[in-house]
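Protein chains in written order, with full-length UniProt numbering: chain A, 1 to 384; chain B, 1 to 384.
Read the hints as simulated data drawn from the structure, not as lab findings.
Don't take every hint at face value.
Copies of the same chain are indistinguishable here, so a pair counts whether it falls within one copy or spans any two.
In the BS3-like style, the derived pairs of lysine-lysine whose C-alpha atoms are separated by at most 27 angstroms in a straight line are [claimed, not checked]:
hint : residue 1 : residue 2
1    : K383      : K357
2    : K32       : K15
3    : K383      : K26
4    : K32       : K304
5    : K132      : K304
6    : K153      : K383
7    : K305      : K32
8    : K383      : K157
9    : K157      : K91
10   : K15       : K305
11   : K374      : K132
12   : K153      : K305
13   : K357      : K224
14   : K32       : K357
15   : K26       : K15
16   : K224      : K36
17   : K156      : K91
18   : K157      : K132
19   : K156      : K383
Computed from a predicted model, the values in this text were never measured in an experiment.
2 protein chains.
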Amino acid sequence: MAGAEWESLEQCLEKNLPPAELREVKRLLYGKETRKLELPSRASEAALEGDFELQGYAFEAAEEQLRRPRIVRVGLVQNRIPLPADAPVAKQVSAIHERIEVIAEVAAMCGVNIICFQEAWTMPFAFCTREKLPWTEFAESAEAGPTTRFCQKLAKKYDMVVVSPILERDEEHGDVLWNTAVVISSSGAVLGKTRKNHIPRVGDFNESTYYMEGNLGHPVFQTKFGRIAVNICYGRHHPLNWLMFSVNGAEIIFNPSATIGALSESLWPIEARNAAIANHCFTCAINRVGEEFFPNEFTSGDGKKAHHNFGYFYGSSYVAAPDSSRTPGLSRNRDGLLVAELNLNLCRQMSDIWNFKMTGRYEMYARELTEAVKPDYNPNIVKE
Amino acid sequence: MAGAEWESLEQCLEKNLPPAELREVKRLLYGKETRKLELPSRASEAALEGDFELQGYAFEAAEEQLRRPRIVRVGLVQNRIPLPADAPVAKQVSAIHERIEVIAEVAAMCGVNIICFQEAWTMPFAFCTREKLPWTEFAESAEAGPTTRFCQKLAKKYDMVVVSPILERDEEHGDVLWNTAVVISSSGAVLGKTRKNHIPRVGDFNESTYYMEGNLGHPVFQTKFGRIAVNICYGRHHPLNWLMFSVNGAEIIFNPSATIGALSESLWPIEARNAAIANHCFTCAINRVGEEFFPNEFTSGDGKKAHHNFGYFYGSSYVAAPDSSRTPGLSRNRDGLLVAELNLNLCRQMSDIWNFKMTGRYEMYARELTEAVKPDYNPNIVKE
Chain A
1 MAGAEWESLE
11 QCLEKNLPPA
21 ELREVKRLLY
31 GKETRKLELP
41 SRASEAALEG
51 DFELQGYAFE
61 AAEEQLRRPR
71 IVRVGLVQNR
81 IPLPADAPVA
91 KQVSAIHERI
101 EVIAEVAAMC
111 GVNIICFQEA
121 WTMPFAFCTR
131 EKLPWTEFAE
141 SAEAGPTTRF
151 CQKLAKKYDM
161 VVVSPILERD
171 EEHGDVLWNT
181 AVVISSSGAV
191 LGKTRKNHIP
201 RVGDFNESTY
211 YMEGNLGHPV
221 FQTKFGRIAV
231 NICYGRHHPL
241 NWLMFSVNGA
251 EIIFNPSATI
261 GALSESLWPI
271 EARNAAIANH
281 CFTCAINRVG
291 EEFFPNEFTS
301 GDGKKAHHNF
311 GYFYGSSYVA
321 APDSSRTPGL
331 SRNRDGLLVA
341 ELNLNLCRQM
351 SDIWNFKMTG
361 RYEMYARELT
371 EAVKPDYNPN
381 IVKE
Chain B
1 MAGAEWESLE
11 QCLEKNLPPA
21 ELREVKRLLY
31 GKETRKLELP
41 SRASEAALEG
51 DFELQGYAFE
61 AAEEQLRRPR
71 IVRVGLVQNR
81 IPLPADAPVA
91 KQVSAIHERI
101 EVIAEVAAMC
111 GVNIICFQEA
121 WTMPFAFCTR
131 EKLPWTEFAE
141 SAEAGPTTRF
151 CQKLAKKYDM
161 VVVSPILERD
171 EEHGDVLWNT
181 AVVISSSGAV
191 LGKTRKNHIP
201 RVGDFNESTY
211 YMEGNLGHPV
221 FQTKFGRIAV
231 NICYGRHHPL
241 NWLMFSVNGA
251 EIIFNPSATI
261 GALSESLWPI
271 EARNAAIANH
281 CFTCAINRVG
291 EEFFPNEFTS
301 GDGKKAHHNF
311 GYFYGSSYVA
321 APDSSRTPGL
331 SRNRDGLLVA
341 ELNLNLCRQM
351 SDIWNFKMTG
361 RYEMYARELT
371 EAVKPDYNPN
381 IVKE
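Build the full structure now, drawing on both the sequences and the hints.
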């Protein structure tokens, strides 16, 4: 049942478990319960009309004397590609812009302050094909491409920070490609960009033939709603990637992704959540939804027959908190908007309780890693 | 229901979910299903007689042409302290030795090659009290103490590697204390020791008033059954600790722990499992069981009244594999022995599939961490 026919883990548990047992299962699986957010009815109606799921949850923090609650609402968007992958490039981009515009409007109704779209959101995830045209035509300038201009308009209109993960064409450096997230301030200005630091070489994720590992390090963006960072897709498997964003001060780390059931579905609830716990921050894991079919057949390096589809993107986007709690996931089979209200004070509160940054012994690890990467490194192995 | 009255997540799901839904929930929560091990009936009978749970599971790997399967059986032991914490020290130690001897014998019947006991297994977890006597009297020499001699006997008798986490008295260095795991070869020789690298300062975990952060780095022990390491308790919250054991070649990392429901139960299924995924190795998370009452009342730094008990140790020991699968947990309320059959070939197979060590960019992180720990570090924050 790894395809669309199964809606979500949460829905299954809610349906089948008696209330007392459900409470205990949720405590073990999701930590402290998140409060359901009351969202405006016109938002729910618009979501119904637009045929996408709308869910809202709130994380709370203890009251403090000297800091007021720092409340921010994030919006996570997961979606199918609205047109088939063999439609003309320009039409596909327009259709996806239109689709996202509808969802962003509902996000605005729900008071979302920071919205993040899925990885490479303007295009099908075509890197499985290893073909260059037409897919590389979806690449755009991070600073001045049509998608960035589209997001700037949204940002300004709704006073909303927009995180826009795209395929970037870097004209200033020999026209190379990058997997990039553009961060647009609520003022409408491009605040900056960050690049995917770790590139997969697994299954049909042939991205290493399109772009290289990011060269921008671990920037954190100070927005008026809080300090955010973007760990793109495969970077979530690398605990050090999350760590460095956190060391640089990120309070919310978005993880826009594109990943399929057969490969990663049992990893999905683990990794972003572990990162939220280990780094005393919020993490927002976003995955696309549905199946994408490509015009030319391709093989998957697994000895199986050539085929046209990449696999099933299982959605299930969620937000995890530093106190180990998390929201339920969006569904596995529908477009959706997840609204989460965060109190950013929770980050420092959890840090003061658990002290992982203080007990982390980073000097030791800097030293040990520096040694370990040397070609003549002699691992510490004790033998009889 | 954070106490003893609730047996386990798995038992609740098995009881309530229809078979098809159960299969899907397990796929999402536990990855690829682990095979139930057939254990000798005399082992089951002995476990019944000894009043402890016995479970067995096997993880499989693909066949290779040049390497034979590298099969190893590990045994994870979780238990209550058999005598109350106010019984005389020597009696408590004898009683726990006797209890463990019974469980180890059953482990031997089940063909266990490497057995690991819970953190500070010879004593109640008395560090909540902040009292020194009588608790520090449980400390022993790692090389020549009575508990090490006891484990050497077991190791030799059963041709079994024994991982024995104790409170260590280091007579060679000013009689200081350490939280240490002694690794005893199947030959009966002390192969070496490893020390808890990260010491908690959270809730009633007042261990920082007893011993300091370990000074032995990240040793890996080459046993005849495979390369093992020991990440003691609070070290599981630190992804870098797992990483360095793995960089040094560990195929199995044991995580002997002592942790309570109110603090960590929703973190428990996440952290060791994330480590197994991120580091392409097996991890074995072990927690003690039950409640421990101390003679003198103590407070918990939470504004609540003084009390005598530390909280509920929730057991739930489990093994996680590099392919993101895991065993069910032992129960939350009974002593238990979890036998897991591992095919260590799975580690390199998963590494070849996912490539996290290759795509990990450790040079970059060594450089970034080296900068980040400097007192005048300027975090990479982008402002408008």
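What label fits K157 with K132 when the C-alpha limit is 27 angstroms: within, between, both, or neither?
neither (35 angstroms within a copy, 64 angstroms between copies)
Is it within a copy, between copies, both, or neither that the alpha carbon of K26 lies no farther than 27 angstroms from that of K15?
both (13 angstroms within a copy, 16 angstroms between copies)
Since the copies are identical, ignore which copy is meant and state whether K32 and K357 lie within 27 angstroms (CA to CA) inside a copy, between copies, both or neither.
within (23 angstroms within a copy, 34 angstroms between copies)
27 angstroms Cα threshold - placement of K26 relative to K383
neither (45 angstroms within a copy, 39 angstroms between copies)
As a check of your reading, is K383 near K157 (CA-CA no more than 27 angstroms) within one copy, between copies, both or neither?
Intra 65 angstroms, inter 21 angstroms, cutoff 27 angstroms: inter-copy only.
For K153 and K383, with the copy left unspecified, which applies at a CA distance of at most 27 angstroms: within, between, both, or neither?
This pair counts as between: shortest inter-copy Cα distance 20 angstroms, intra-copy 64 angstroms.
Alpha-carbon proximity between K156 and K91, which holds within one copy, between copies, both or neither at 27 angstroms:
So K156 and K91 pass the 27 angstroms test inside one copy only (25 angstroms; across, 73 angstroms).
Go through the copies and call it for K32 and K15: within, between, both or neither, with a Cα cutoff of 27 angstroms.
Both. Shortest intra-copy (20 angstroms) and inter-copy (24 angstroms) distances satisfy the 27 angstroms Cα cut-off.
Is it within, between, both or neither when you check K383 against K357 at 27 angstroms Cα-Cα?
So K383 and K357 pass the 27 angstroms test across copies only (24 angstroms; inside, 33 angstroms).
Treating 27 angstroms as the Cα threshold, decide for K374 and K132: within, between, both or neither.
The answer is neither: 36 angstroms in one copy and 44 angstroms across copies each exceed 27 angstroms.
Give the relationship of K153 and K305 under a CA distance limit of 27 angstroms: within one copy only, between copies only, both, or neither.
The answer is neither: 45 angstroms in one copy and 56 angstroms across copies each exceed 27 angstroms.
Check K357 against K224 for me: Cα-Cα at most 27 angstroms, and say if that holds within a copy, between copies, both or neither.
within (25 angstroms within a copy, 37 angstroms between copies)
Comparing the model with each earlier hint shows violations of hints 3, 10, 11, 12 and 18; every other hint is respected.
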